[in-house]
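Student: I would like the entire structure built from these sequences, with the hints used as guidance.
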Amino acid sequence: MTLQVIANGLIAGCVYALVALGFGLIYKTTRILHFAHGAVYTAAAYALYFFLISISFPVFISIVLALIIGTLLGISTETFLYYPLHRKKAPYAISFIASMGIYLFLVNLIAMLFGNEVKIIQPGLEKTYQFAGIILTRTQIIETIVFVVVFLVFYIFMKKSGLGRLIRALSNNPELATVLGMNIRKTRLLVFGLGSLLASISGLLVALDIGIDPNIGFSAVFVCAVAVIIGGIDIFEGAVLGAFLLGLIQNITIWKLSARWQEAITFGILILFLLLRPQGILSYKKRMEEIS
Amino acid sequence: MMTYILHLLVMISIYLILAFSLNLLVGYTGLLSVAQAGFYGIGAYISTLFVMKLGINFFIALPISIILAMCLSLLVSVPSIRLKGDYFILATLGFQAVIYGVLYNWVSLTRGPYGIPGIPRPNFFGIEFGNIPSYFILSGILAFLVFLIFRQMVLSPFGRTLKAIREDEMAALGLGKNITKFKIISFAISAGIAAIAGALYAGYITYIDPTSFSIYESIFILSMIIIGGTGNIKGPVVGVFLVIIVPEALRFLGLPDSIAANARQMIYGLLLVILMYFRPQGIAGEYKFE
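Residue numbers (numbering that gives the first Met the number 0), protein chains in the order written: chain H, 0 to 291; chain X, 0 to 289.
Accuracy of the hints is not assured; some may be wrong.
Claimed, not checked - Distance condition first, Cα-Cα at most 30 angstroms in a straight line; then the derived DSBU-like pairs of lysine-lysine:
id	chain 1	residue 1	chain 2	residue 2
1	H	K88	X	K287
2	X	K83	H	K87
3	X	K287	X	K176
4	X	K233	X	K180
5	X	K162	H	K87
Quick caveat, the hints were computed from the structure, so don't treat them as lab data.
Tutor: Here it is as structure tokens:
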């Protein structure tokens, strides 16, 4: 039983980690609390539902189209909202509120188009596999594989490629990056594209696993914000660590208490971290005043 | 029709109280909090529990719930006040989730998701505020009192100090103001005022459950005052009237209820984006979130 809970927790962590990587990347480079990340996640999941179920396109094409839609949505929030605000030197609160506005707009648009009820993409019982006493469904195995592949590609991209280096430079010191003549605009677009692609992948996995309703993005984006903070914001691997920790803790909560305590426990952990170690686990020590 | 208008007026006075309370925090102290519905809920639950479990009169339970909400606010403000910007938003969000979780899961006290039905209407030494017109008098008087207190507060040296902290924390510190103390007091007053709204809401609807005090409600209150504008007295008033009355017009357009709710939220979302881009101080506000 314990092993099963740990396995479920780690798999939940895989899905969170994808959203958290994108959220953390965007937050670190642009300092925007990108609330609308949740809308991108939801939109991608609904796009998959639309192509696959409503107009029955083939699976592969539906997935590609859904990912493209999610990514384009993320890029357009940057082009039409955040970048203009950035040029006006808007403070953090304004971009946060605007982001909240975009979230409300998009999610309610989706709810109007598709209805507020839960939609299931894969009906019926799933095929399960057993490894050493742990039972995994087919979707859970897909989730794990997708996470490992995506994370490896992302890691190599960030560490080895020139573009990845550019992103890390911008997130490390925006002023210096500007002075050195880097193309800030393109780098930000790249960050939003990449982050939204990751969120869309995660949205599709969740849609396949447990189905979708218009509000799934809300808790996803906040759990991931918590993951980014407790994992440590300075390096992007922190978000993955935080996501795995939260996945484990949430599954242990479900096992020992009940599913209804999940959110309170998640945010309780956030508060503890903000009090005791606001820089997160994988980070160097800072004074509280230096943070954010 | 008259009852319907009076019902809207009662809701407006409850939201006016909430808007004033959050305005003190967001508009005057510059602390963007998304935990206001938590204190609204604390006020509603504490006053209801005192009235129903201990049989105390509403008008005695009301000050008790205000004081308890102010004390509970210390749990939120003391740890989070030193955090800046986004981290403060996230911390208040965390507390909002924790308060909601407790209201939802402490079934033996709050009946959790089943809610508390049959809350008695307030009774003032024999005068019962049982029907909607008399309830409007009660809520109107309370909203007016809150307005008077709020106005006195923001025009006083206390209010000016809060504004100074909002504009330039370092300068306020340099002038010898204890900014942490002022922020904590402002947070407590804001929580206390929100508790009044909660008690009024519980006595009016006569049924409460945790879903009325969720994070969505916090965001709703926040968008209300941001649309109207913060940092002065008229901004939140404009916001409340606009956000409560305009959607009622949608009802007369004959949209089905399920779509109308979504359409309303879409309008709020769009308004927030447009205002942040063109007019960050809101329609009639003063503070531009700088």
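Student: Run every hint past the structure and note whether it holds.
Tutor: Hints, verified against the model:
1. H/K88 / X/K287: 12 angstroms, holds
2. X/K83 / H/K87: Judged against 30 angstroms, a Cα distance of about 21 angstroms means the pair holds.
3. X/K287 / X/K176: Since the Cα atoms of X/K287 and X/K176 sit roughly 23 angstroms apart, the hinted pair holds (cutoff 30 angstroms).
4. X/K233 / X/K180: 27 angstroms, holds
5. X/K162 / H/K87: It holds: about 23 angstroms lies between the C-alpha atoms, which stays within 30 angstroms.
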